[in-house]
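Given only the sequences and the hints, what does the whole structure look like? Please build it.
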Amino acid sequence: MQAELICIGNELLTGLVENTNAGYISRRLWSHGIPLREQRVVPDSIPAIVGALEHSLRHSEAVICSGGLGPTDDDLTREAVSQLLQQPLVVDERWRQHLERYFSSRGYPMPPANRKQALMIAGSRLLPNPRGTAPGAIIPAGERWIILLPGPPQELRPLFEKEVLPFLLGAGFRAVWRTKIIRTAGCGESLLEEMIKQAGLPEGISCFPLAGGGEVLLQFRAAASPAAEALLEDTLSRLRERLGQYIYGEDEETLAGTVAALFRAQGLTLALAESCSGGLLADRITDIPGSSLFFRGSLVTYSDEAKEKLLGVERTLLRSRGAVSEEVALAMARGARQALATSVGAAITGIAGPESDASGKPPGLVYTAVSAPSGESCLRNSFPGTRRAIKERAVQILLAMLWRMMQPDD
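Residues 1 to 410 (this note's numbering) are what the sequence shown spells out, left to right.
Everything labelled a hint here was simulated from the structure, so no lab data went into it.
Computed cross-link-like contacts, DMTMM-like style, restricted to lysine to aspartate or glutamate with a CA-CA straight-line distance of at most 25 Å: (1) LYS180 to GLU252; (2) LYS361 to GLU327; (3) LYS162 to GLU253; (4) LYS116 to GLU93.
Laid out in structure tokens, this is it:
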């Protein structure tokens, strides 16, 4: 049994909104061994949605649709499914009352447009949305299924995890393979691949490396059988021993989350000084629940004056070595550590491009530094790509430095 994905919205086709739902749903299905045959993006048009559904239902047992469940006139997914199945839209009274309470709690009556969000396909199962006004739905289509999910990722993801995945696994969508993701940092893709080859992968175990953002994901896959699963686990155990110094997590774990867990476990505190990253690392860390237990703050010191006044970087050092230098990066890390009275200080300074600064140093040049009780370190890197790509790579490199510094053996 297999699934298909239809993402609905004019904004996806025009590029005004990035289609992150497609990547998320694909990864989650893949990790559970459920094949995703095809992805499509269609506009807010009843004929386009109906055509995509007809095509997908001919090939797959479940069709997941995201988007088009809002209150406006161009939100047409419900209407398209109703037309396709020739089933009427009926008011779900409980959800209508929920919507009225939702708006009443915010101090104003429910807008008339939102009433359409209480309309459901007759015979469908409503999926309550705890983060928004658009519920999802699981709709029988003969011997197949249509699953509707709201478009905003912060609404879609909890519904997918709580409702859709359990439904699919309980409805006969048995995994055709077993998967495991090993997440690494501090080692290049080609070297990791060579180490895996030297260790040897038994027949029936596949590995798909994916490099990006300063880390390498190793995706392993085996057939969904007891023997193959045992072989996969035995293989991974051997690889964990061989690659252990580079492995920071598995499956959905993130490098920032791993670093946060280490800081909390070791009772240390962290302060940041960010220049070219503009607070991106602080954003990454504060996305983690409980980060206030160890993270004291970030000083975004974009100018030389801010580095001098807020971090205590000496003016003579800034003039002689330049803001983008090892010496200044280390001084920034020390300054953040002292200013916020933390165990550890970390800093990023660089040139995000696309042009150089007055120093003439090349775009993409970035220094990342750490100052800690165990010592200090600084890395020099030259990153290609856009401003955003350079900032993200710099953040990931500094997280990897913090992770390596926190290792028990270091």
